[in-house]
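K.L.:
Now for the letters of each chain:
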Amino acid sequence: GQSLEQPSEVTAVEGAIVQINCTYQTSGFYGLSWYQQHDGGAPTFLSYNALDGLEETGRFSSFLSRSDSYGYLLLQELQMKDSASYFCAVRDSGGYQKVTFGIGTKLQVIP
Amino acid sequence: DAGVIQSPRHEVTEMGQEVTLRCKPISGHDYLFWYRQTMMRGLELLIYFNNNVPIDDSGMPEDRFSAKMPNASFSTLKIQPSEPRDSAVYFCASSQRVTNEQFFGPGTRLTVL
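Protein sequences appear in the order of chains A and G. Here my numbering = 1-based position in the first sequence + 1. Here my numbering = 1-based position in the second sequence + 686.
These are computed hints drawn from the structure, not numbers from a lab. Among these hints, one or two may not hold up.
Taking CB as the label site, the calculated pair distances span [to be verified]:
#	chain 1	residue 1	chain 2	residue 2	range
1	A	Y71	G	E704	43 to 53 Å
2	G	E730	A	L52	38 to 48 Å
3	G	L799	A	Q77	41 to 51 Å
4	G	T785	A	E78	36 to 46 Å
5	G	P770	A	E56	38 to 48 Å
6	A	R67	G	A688	18 to 28 Å
7	A	G42	G	E769	20 to 30 Å
8	A	E78	G	E787	20 to 30 Å
9	A	Q26	G	A688	34 to 44 Å
10	A	D40	G	E787	45 to 55 Å
11	G	A688	A	E57	24 to 34 Å
With a cut-off of at most 20 Å between alpha-carbon atoms, the simulated SDA-like pairs for lysine to any residue come out as follows [said to hold, decoys possible]:
#	chain 1	residue 1	chain 2	residue 2
12	G	K710	A	Y71
13	G	K764	G	N736
14	A	K82	G	M701
15	A	K107	G	N786
16	G	K764	G	A688
17	G	K710	G	M725
18	A	K82	A	I111
19	A	K107	G	E704
20	G	K710	A	Q77
21	A	K107	A	Y71
22	G	K764	G	P747
23	A	K107	A	G16
24	A	K107	A	Q77
25	A	K107	G	M701
26	A	K107	A	P8
27	G	K764	G	M701
28	A	K107	G	H696
29	A	K107	A	E10
30	G	K710	A	T45
31	A	K107	G	Q723
32	G	K710	G	F760
33	G	K754	G	I712
34	G	K764	G	A774
35	A	K107	G	M726
36	G	K710	G	V798
37	A	K82	A	G54
38	G	K754	G	M726
39	A	K107	G	T724
40	A	K82	A	A51
All C-beta atoms, glycine included, are put in the ideal place defined by N, C-alpha and C.
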């Protein structure tokens, strides 16, 4: 089976940088995704890493180390609207498009 | 495109009643997923379809749950009979084979009394 671990809550100051870590255990790893979900909303896709290294998309970056079964989401220049839950999700050999989600990290951005 | 459409947005029912949730995926997407989200268990995959065919239903909790996809533009998730522990937000999502992004609908908040 699969298991993912990420912190349950993180608090950071507006304008700062925050890193949300994710470690995973799975058989047949294909890639790691990140999703954002605001309270009462639906998850929305942020990024996908299949290879080691850093992927940057605006203020958000995502990193993967396949050898360490580890990834992180980096949010820079934090804004109040970044307050949300962030989920890592692993795509494994269970199916071409099937992903397993972590429990999510609730990020609170404070002034 | 309007995105993934789900109905109803909210459903309140009594234990023992049948509940049917509906989903219209994004046109051209060949994968459709049903998820359930609760505080305790997070976001769980119930079942997913590829080209209208169920591929993996190992997440369906029990025989009370069933899902169908009669055509490329419509899917249903049925719970019969419903129980209070089925109370959750149910999301439908769709994706294309060539991408890794799943597009989620707004969800159906189900409350079983």
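K.L.:
It remains to establish, for every hint, whether it holds in the given structure.
P.N.:
Evaluated hints:
1. A:Y71 x G:E704: 43 to 53 Å: With Cβ atoms ~45 Å apart, the hint holds.
2. G:E730 x A:L52: 38 to 48 Å: 28 Å, violated
3. G:L799 x A:Q77: 41 to 51 Å: Between L799 of chain G and Q77 of chain A, where Cβ atoms are some 45 Å apart, the hint holds.
4. G:T785 x A:E78: 36 to 46 Å: 27 Å, violated
5. G:P770 x A:E56: 38 to 48 Å: 42 Å, holds
6. A:R67 x G:A688: 18 to 28 Å: 37 Å, violated
7. A:G42 x G:E769: 20 to 30 Å: 27 Å, holds
8. A:E78 x G:E787: 20 to 30 Å: 24 Å, holds
9. A:Q26 x G:A688: 34 to 44 Å: With Cβ atoms ~38 Å apart, the hint holds.
10. A:D40 x G:E787: 45 to 55 Å: Since D40 of chain A and E787 of chain G have Cβ atoms about 22 Å apart, the given range 45 to 55 Å is violated.
11. G:A688 x A:E57: 24 to 34 Å: 30 Å, holds
12. G:K710 x A:Y71: Outside the cut-off at roughly 35 Å; violated.
13. G:K764 x G:N736: Holds - the C-alpha atoms of N736 of chain G and K764 of chain G are around 19 Å apart, at most 20 Å.
14. A:K82 x G:M701: 38 Å, violated
15. A:K107 x G:N786: 23 Å, violated
16. G:K764 x G:A688: 24 Å, violated
17. G:K710 x G:M725: Violated, at about 26 Å.
18. A:K82 x A:I111: 10 Å, holds
19. A:K107 x G:E704: Violated, because 34 Å separates the two Cα atoms, which is more than 20 Å.
20. G:K710 x A:Q77: Roughly 35 Å separates the two Cα atoms, so the pair is violated.
21. A:K107 x A:Y71: 19 Å, holds
22. G:K764 x G:P747: 12 Å, holds
23. A:K107 x A:G16: Judged against 20 Å, a Cα distance of about 18 Å means the pair holds.
24. A:K107 x A:Q77: At roughly 16 Å apart (the allowed maximum being 20 Å), Q77 of chain A and K107 of chain A satisfy the hint.
25. A:K107 x G:M701: Given that 20 Å is the threshold and the Cα spacing comes to 32 Å, the pair is violated.
26. A:K107 x A:P8: 8 Å, holds
27. G:K764 x G:M701: 14 Å, holds
28. A:K107 x G:H696: 24 Å, violated
29. A:K107 x A:E10: Judged against 20 Å, a Cα distance of about 5 Å means the pair holds.
30. G:K710 x A:T45: 17 Å, holds
31. A:K107 x G:Q723: 15 Å, holds
32. G:K710 x G:F760: Distance ~5 Å between K710 of chain G and F760 of chain G Cα, so the pair holds.
33. G:K754 x G:I712: 17 Å, holds
34. G:K764 x G:A774: Cα-Cα ~14 Å, so holds.
35. A:K107 x G:M726: Holds. K107 of chain A to M726 of chain G sits at ~14 Å (cutoff 20 Å).
36. G:K710 x G:V798: Answer violated: K710 of chain G to V798 of chain G is near 24 Å, above 20 Å.
37. A:K82 x A:G54: 27 Å, violated
38. G:K754 x G:M726: 27 Å, violated
39. A:K107 x G:T724: Within the cut-off at roughly 14 Å; holds.
40. A:K82 x A:A51: Distance ~28 Å between K82 of chain A and A51 of chain A Cα, so the pair is violated.
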